[in-house]
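**Student:** If you want the building blocks of each chain, they are given just below.
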Amino acid sequence: DAGVIQSPRHEVTEMGQEVTLRCKPISGHDYLFWYRQTMMRGLELLIYFNNNVPIDDSGMPEDRFSAKMPNASFSTLKIQPSEPRDSAVYFCASSFRVEAFFGQGTRLTVV
Amino acid sequence: AQTVTQSQPEMSVQEAETVTLSCTYDTSESDYYLFWYKQPPSRQMILVIRQEAYKQQNATENRFSVNFQKAAKSFSLKISDSQLGDAAMYFCAYRSAYNNNDMRFGAGTRLTVKP
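Just so you know, the sequences run in chain order S and Z. Numbering of the first sequence is given in my numbering, commencing with residue 20 and proceeding in unit increments. Numbering of the second sequence is given in my numbering, commencing with residue 32 and proceeding in unit increments.
Worth double-checking, as some hints may not be accurate.
The list that follows gives simulated cross-link-like pairs (lysine to aspartate or glutamate, EDC-like), each with its CA atoms no further than 20 Å apart [unchecked claim]:
(1) S:K87 <-> Z:D117
(2) S:K87 <-> S:E33
(3) S:K43 <-> Z:D133
(4) Z:K86 <-> S:E63
(5) Z:K145 <-> Z:D117
(6) Z:K109 <-> Z:D133
(7) S:K87 <-> S:E63
(8) S:K97 <-> S:D75
(9) S:K97 <-> S:D82
Selected chain Z positions facing chain S (in silico; Cβ < 7 Å) [what the hints assert, rightly or not]:
(10) Y56
(11) D57
(12) Y64
(13) R74
(14) Q75
(15) V79
(16) I80
(17) M134
(18) A138
(19) R141
Quick caveat, the hints were computed from the structure, so don't treat them as lab data. We put the beta carbon where it would ideally sit given N, CA and C, even for glycine.
Construct all of the structure, not just a fragment, from the sequences and the given hints.
**Tutor:** Below, the structure is given as structure tokens:
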């Protein structure tokens, strides 16, 4: 298996634009997590899914953030409109019950 | 909600020496998993070691071992014979063993290995 695949690896966008981050989890995994990593706040859990169903989105910072998982092999995290303070590395991770496996992350820069 | 605390923002070790990274957690649950992840400059999160709470024996993976103290809610990572490639951020993580469980991370410890 290729592991968790995230795209794009890097994204630079202007304030106010819509940003969509994508994730393909490892086949057979039933959990999918979205994390945001910044120097100030470390690794924050934004939302996670179990069997494609959102379980807890209490970490989503604002209504500007939304996440979907239309099927077991794909998830998106969307920010609309984006702001400079959204600049961070966004990780997707998947797991089957125990340990989580991470993608390589998307470095988002909002200018 | 469970919290994970890493009280050492930075640690340094001489190559070939041993270093211990600290982690404590807060939970009311009896069954859970604990992990150490490594994040090198490439930013890839790599699982180093995991411990099941129901196991009394401390987990070991080559030069990496843990000291799991369930009553004290402590989970430290020992790296023996440190190598330059061990330099990275190390994150402690907690995950409940019950259904619909998320994974929470500590703030991380930056480990520097001196040649």
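**Student:** Look at each hint and say if it fits the structure.
**Tutor:** Structure-based check of all given hints:
| no. | hint | verdict |
| --- | --- | --- |
| 1 | S:K87 <-> Z:D117 | violated (36 Å) |
| 2 | S:K87 <-> S:E33 | violated (23 Å) |
| 3 | S:K43 <-> Z:D133 | holds (19 Å) |
| 4 | Z:K86 <-> S:E63 | violated (28 Å) |
| 5 | Z:K145 <-> Z:D117 | holds (10 Å) |
| 6 | Z:K109 <-> Z:D133 | violated (26 Å) |
| 7 | S:K87 <-> S:E63 | holds (18 Å) |
| 8 | S:K97 <-> S:D75 | holds (16 Å) |
| 9 | S:K97 <-> S:D82 | holds (10 Å) |
| 10 | Y56 | violated (15 Å) |
| 11 | D57 | violated (16 Å) |
| 12 | Y64 | holds (6 Å) |
| 13 | R74 | holds (5 Å) |
| 14 | Q75 | holds (6 Å) |
| 15 | V79 | violated (10 Å) |
| 16 | I80 | violated (10 Å) |
| 17 | M134 | holds (5 Å) |
| 18 | A138 | holds (5 Å) |
| 19 | R141 | violated (11 Å) |
Of the numbered hints stated above, those contradicted by the structure are hints 1, 2, 4, 6, 10, 11, 15, 16 and 19, listed in ascending order.
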